[in-house]
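Respectively, the protein sequence lines represent chains U and A. When the letters of the first sequence are read in order and numbered with our numbering, they come out as residues 7 to 319. When the letters of the second sequence are read in order and numbered with our numbering, they come out as residues -10 to 265.
A hint or two may mislead.
Covered, in the sense of this in silico footprint (three residues per stretch, anywhere, with C-beta under 8 Å from a C-beta of chain A), are these stretches of chain U [claimed, not checked]: (1) 191 to 201; (2) 215 to 226; (3) 295 to 306.
If you are wondering where the hints come from, they were derived from the structure by calculation, not from laboratory data. Treat the numbers as computed from the prediction; the structure is a model and nothing was measured. Even for Gly, the Cβ is constructed at its ideal location relative to N, Cα and C.
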Amino acid sequence: MAAGAPTAPAPVAASKRSGGLTERARSERKLAWMLCAPAVVAMLVVTGYPIGYAIYLSLQRYDLRFPDDREFVGLSNYGEVLGSSTWWLDLFNTVVITVFSVAIELVLGMIIALVMHRAIFGRGPVRASILIPYGIVTVVAAFAWRYAFDPTTGFVIGLGPISETWAPLTERAGSFFVIIMTEVWKTTPFMALLLLAGLALVPDELHEAAKVDGAGPVQRFFRITLPLMKPAILVALLFRTLDAFRIFDTVFIQTLGANDTETVSILGYNQLINRVNLGLGSAISVLIFISVIVIAFVFIKGFGTTTASQRGE
Amino acid sequence: MTNTNRDRVLWVIGILVVVFYALLPVLWIMSLSLKDPATIGDGRFLPQEWSLQNYEQLFETDAFTFALRNSFGIAAIATLIAIVLGSMAAYAIARLDFPGKTLILGGALAVAMFPPISIVGSLFDLWREIGLFDTWVGLIIPYMTFTLPLAIYTLSAFFREIPWELEQAAQVDGATPWQAYRKVIVPLAAPGVFTAAILTFIFAWNDFLFANTLTSTDAARTVPATLAFFTGGSQFEDPTGVISAAAVVVTVPIIIMVLIFQRRIVAGLTSGAVKG
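Here chain U stands alone, though its shape is the one from the complex (with noise of 0.2 Å):
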């Protein structure tokens, strides 16, 4: 983002001068691009070189239990996934699981922001206890909930209005309820602390103002802090969404994918590594990645245009 500015007159003033760079510039150059080489084919070789493996698997009949059949079938895999009811089943899990969870963050994460933005004292203990979901290993967090509400070890079942015999993990709807509230509370603290990153960036003046024109809390909230927090919700929220779209540690330790809350992300592992389809579980991991694309595609769209209209008013 702000990355950009400092770096832009580089280039203009190197091609006006149409490669007349000075020694230094030039030495400067060379020593940047070879200080960023190993990171930059690092991160090429370690992601670019799998994903383009996984596409050439995916274009190919590869099942490790009958390697002799390995042979190269077009698209007929993509044509066996997308024809599938699973893979629209599992793409509307993850959907439910990455809505649910972000906008719960998004409303939680606020409210703990603005009452750290606000604090006079306390906080450093809100900040410390905030971060511990935020370092705590997330099969250690899905295990934690799983064990709350389990009906033989958990505390949670049979506590005030709470059914002693509701087993929510194993009901589709209890299911996701546990899933979601896990995912909320490990990552709350990320958002929380992203958006209160973003308030900083409020000034004070605005709310004076607004105070002195007769606007209350909520008028003030909704009509300033809000409008000019924008890009730091628009960030967080892109960056949470993906992330939870990837969801696999949480439903693999609390369902590991049974009544119906399989993800996308488990669909993948199933058919790689229990069943060891290579070929058809190559084609799920690509589409998965699409629509990571997509996602992230959309985010910045809507980013651009917003960033634009603010601009414009």
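Once you've looked at the hints, dock chain A against the given chain U.
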């Protein structure tokens, strides 16, 4: 006056709610791990009989000790590589003038958002062929997909804040370039590098998907994967208590790190996202 008093009460309640919400599952898993195996199914929040039996059972076999060793070693090496490569790139991004800077940062962000499941199958197939399956190296390589972008992002955000003029000032004052680097730049950069290392380590320590799919034995299986496949001492034993004990063992170091370095971690988490 009454208004500020009421605000203060609301604020204290707010703090308590947030702290309680954040700590509840941690306290719960700790309490579960300290329950006597006979009372583990009593459904109470606190143990009736306090016991360390779950911890004893956890360390009875070597499985968990091996997992701890693997987790620690793999996360540490992945962090070291990411920090070395990342700080070179971040130095160039923060300090030098060259075209392609935005492209590198954008690329790093794209890699960070990459779904790991998309490369699991390829790596599974490749690693079996070239003998990297179930090895430390076989996990460290895919860990670069998230540790490197994270390191580049946080380090370049930190490096931008360093007053680099001080280096020249020291040289004007008669320091050699090496002295200027050692005595001025290193102390200024060290906290940022350290924070980036903590964040990277937490991410590597947390991984489950790669550890689950690319390992099969104690040779390289890390803690999260070991936890997921824990099955008690015998077929009829409920592993709940032992898993809880293991969960506590891997959580305590993270909590200590978070408590000590909270301020820096928050700076590292947000600087990249807001200014980057």
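Now for the hints, and whether the structure bears them out:
Counting residues of the segment 191 to 201 of chain U whose CB lies closer than 8 Å to any CB of chain A gives 5, so the stated coverage by that chain holds, three being the minimum. Remark: the segment 215 to 226 of chain U is not confirmed as covered by chain A, as 0 of its residues place a Cβ nearer than 8 Å to a Cβ of that chain, below the required three. Counting residues of the segment 295 to 306 of chain U whose CB falls under 8 Å from any CB of chain A gives 3; the rule of at least 3 is met.
Of the numbered hints stated above, the single one contradicted by the structure is hint 2.
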